[in-house]
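Chains as they are written, first to last, in our numbering: chain A, 1 to 442; chain B, 1001 to 1501; chain C, 2001 to 2100.
It is worth saying that the hints were derived from the structure and are not from the lab. Every residue gets a Cβ at the ideal spot worked out from N, C-alpha and C, and that includes glycine. Mixed in with the good hints, there may be bad ones.
To be verified - Ranges of calculated distance between the beta carbons of each label pair, as one might list FRET restraints: (1) C/M2001 / A/V14: 18 to 26 Å; (2) B/R1443 / A/Q374: 54 to 62 Å; (3) B/Q1064 / A/Q278: 58 to 66 Å; (4) B/L1451 / A/V29: 50 to 58 Å; (5) A/G362 / B/L1404: 16 to 24 Å.
Take a look at the letters that make up each chain.
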Amino acid sequence: MTVEILLFMAVGVVTIVTAAMMLLSQNAVHSALFLIVNFIGVAFLYLMLEAPFLAMVQIAVYAGAIMVLFLFVIMLLGAEKTGAGANLRRFPWLAPVAVTLAVSFIISVGAALTQGQIDAQAPEARDAQVRFVHAAPIAMSESVEGGLPANRTFVLRVNDEVIDESFVFGDETEFVEVAPGLVNIGLRATADGQDLVTTTLELTANSVQTAVLAGEEAISFYSVAQPDTAGLTVFNAYPALPALAFGDLKGELFDDARRILPVGADEVAFGTASAPLQYPADFPNWVAYAPGSIEDVSRITDAAELRDVVVRISEFLPEMRYNEDALVVIGTERRPDGSLRPTATRLDAASLEPFGSVRTIGGMLFIDYLLPFQLVAMLLLAAMVGVIVITYRGEHVPKPSRATRRKVARPLTSVIASQTGSDLAEDDAPKLPEKTEPVAGD
Amino acid sequence: MTVPSWTDLNLGATLPAVMLAIGTTLLLLVDVFLPKERRNLTAWLAMGGLVVSFVLTLATFNQQTTALMDMFIGDTFSSFMNMIVLVAAALTILISIDYMNRTGSARGEFWSLLLLSTAGVMFMSSANDLVVIFVALELLSIPLYVMAAFRSNNAKSEESGMKYFVLGAFASAFFVYGAALVFGATGTTNLTEIFAAVSSISAEGGASLAYLLVGAGLIVVALGFKVAVVPFHMWTPDVYEGAPTPVTAFMSVGAKIGGFAALLRVLVSALPTLTAGQAPDPVWMNTVMIISGLTMIVGNFVAVSQTNLKRMLAYSSIAHAGYILMAVAAAADPAQADAAAKAALVYLLSYTFTNLGAFAVVAAVEKNDGTGTDITDLTGLARSRPILAAMMAVFMLSLTGIPLTAGFTGKWFIFQSSIDAGLFPLAIVGVLTSVVSAYYYVRIIVTMYLLDGAGDPAQGATRAVNLALYISLAGTLVLGLFPILATNLTQAVTLVASVAP
Amino acid sequence: MVPTEAFVILSMVLFAMGTLGVLLRRNAIIVFMSVELMLNSANLALVAFSRQWQNADGQLFTFFVMTVAAAEVAVGLAIMVAIFRTKQSINIDELHLMEG
């Protein structure tokens, strides 16, 4: 029995017991409070069922708003006492029945689970998700656009379905969902229709991958799986560097004490990705460099030359907070004159939103469920109007008569009377009436 | 996910219902700024909104499309249902204008709530998804709860509102649970997709089939509460008696239209192949048959002993729901499904005219404080108000099903479709109970014409009520004399899903 | 992973308890709360099936049910307040002005 099953049974028992207590309690306020506990238990079950948004909505709306409204009305009507034991005497079997239900639930579910009687159906498998990144410095095309040679465009196909019609260097596609299994990926040049790369990838269900097109001479797709833990993943697509190391560049060009402090991370070979790195909260200046060239770095004074030797990672990361995911691909870029220079691209590591997240639900709410959404809006309007109309007391509320308005100061007439000694004012002065019945409230 | 474009949403097909909903919101605003003396203007504006929606319904009558991401179906079935409910709402407005004024509960929101309820029925008849059916069901019901309790400080009215509310909330909880189980069995709430998944589940059996059966049963129970069939009819007579008469009129017709539209769509479009075992008939056919028979019997027999006109009409309403259920049972036969749906539509149309006419007469004779609706209060009506009595006689004959009235047309189609589907015992029960019903309907006619006594003359027969009476009478007679009109309108109705399993 | 059937059994038990509450209790507030319990158990079943099918439709249905339940509760409590003003009692057994 795993912890999860034990937790489920505990919360399940709490739910049933509080529901029973709600039904049996003689005090309406107690019933309402038991029901609140019941709802919170159900919210916990929603958390176990991969529905975090619904769990919070359950607590906020059901337990927080609806039950508070119930309590308000109970107290307003003074209806706590629900008639001393009248119903229980009519149905003395209510309590034993509820208890029997709870106990039988525990026994039956527990026995079935422990003996494996319940055939636990695995949840449906979701498609694999893949996205593609172009990081291979392919030779520029012969044609010239605007005075500069242009990058070649390619058509990217997955299983003969066109994913991207103009896949150029530096492009990244969105995640696409592909049925699991062997998948054909084809890259065809737009200009001459020649297939540059055709390869097959094996995709498993529920997996999320990034396929990086890398290499200088031998171009192929390298797949990077979505890491399980959060962090910064760096992929080495730099053909000239068989391995890539990471360090913290302390000091700038003008600083004599400039040096690189190695960060305690493993070297990354070409075509592979690093393990997730935790980028510290004080935003150090991380760079990637070829191992063994640290001493050369400290002697370089030219910014351009520095850029050729190290690749700054941290310039992509100022907005990256601790524990956020990112994928940085370090490769080379072809300059217009044909030479190579290092470059880095940053991709968000987040895939299509997990099932049950707020973004998924929000998107579906406004797109797929537009009609029920609008209907619910009208329903709420009807409910609001209805509530006001039913409880409106209109003409039956006696308007406060003028006599009940309190006088703030002595009327002028009585002041005059006191000065002049006449008793004229006494008869005319408006008097406060005797105590009237309360206007409102039961 | 991609954001759909305007053409993807196909809003043109949804215009009748959507314009009514928009019009109601505007009506609420307008009502705020109207002075109290011209309160009736709200009612006439509401009528205008109904007319606009009616014209739009006629314009989109013979379409067959889905809209709003496959949640909305616009086809002849829904257009016809829309027509019926718009007529019902219009007649209700006519009955209610002076009624609400003279019973002291006139408030502009009444007509806005009425229109919202009508919009709920319209969306229910066009629903293609269990979620939409549920929300539209609530949109239909919640204004009705409020309208039933509308007469402030009238204990009967508030009590009927309370009972209707508890009943309705109970029913919708059943509906949600049934929909949850259906979703669990098929993985979707869309009716067309459920249809696609049902046949494979029926063949496999196992846990999915169990979920589907129980879920379908709960949905039928929930909709049965809404249309008030036996054994879910317990509080219906109390609710009908206590609510203001125009509200009762609309409840008896509008809730039925919505309930039967949803029932037909769910059972015939989504679950026609829900067979358990080797029987070629779907599982729900026997259940619906039994419920139908029980309803006809109980409704008619208990109505015999009623002395209050509104309660009698409540029990007769229960009985008529039983007749319409005959068509639903007949729709289990796939060859007869469309004909049965057409029969149900024609019956609902004729029932609308007749029943609203009868309730208009009740509103005409009811006194300001709500009394005066006993059957004995109709004594001698033929002498004091001959035209009113004659109209009531026609309505009573139509409810019985005498030829040349709309009721006969409706019953004819229903009996024909059930005989074509082979439901002979049910048809026999129907005919016998119709004969029994003649007793208490004709008793009204006898009371009006033949008995001596001084029944109070009708105070409530104002111009608007008379207009309602004339329209209902016209509808009843026209449908009775020219049934071909109804047949032509329902010709293009088809409910059987085109996706082959 | 806890099997979906366990959640369905739990929701069935809660639904049955809610039904018993509606049919047997005489106080209108408790009856309303029992209806809320029934709706909640249906929601639980929906979310469990949603996880089983990995389809967020179930969760969205639950969302709508919650909203509708809120509106229903508001209207129901308003009706109760109106009745209470007239009769000073919310015992359903005492609502028998109309018999037959």
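Comparing the hints with the structure gives:
no.	hint	result
1	C/M2001 / A/V14: 18 to 26 Å	holds, 21 Å
2	B/R1443 / A/Q374: 54 to 62 Å	violated, 48 Å
3	B/Q1064 / A/Q278: 58 to 66 Å	holds, 59 Å
4	B/L1451 / A/V29: 50 to 58 Å	holds, 57 Å
5	A/G362 / B/L1404: 16 to 24 Å	violated, 59 Å
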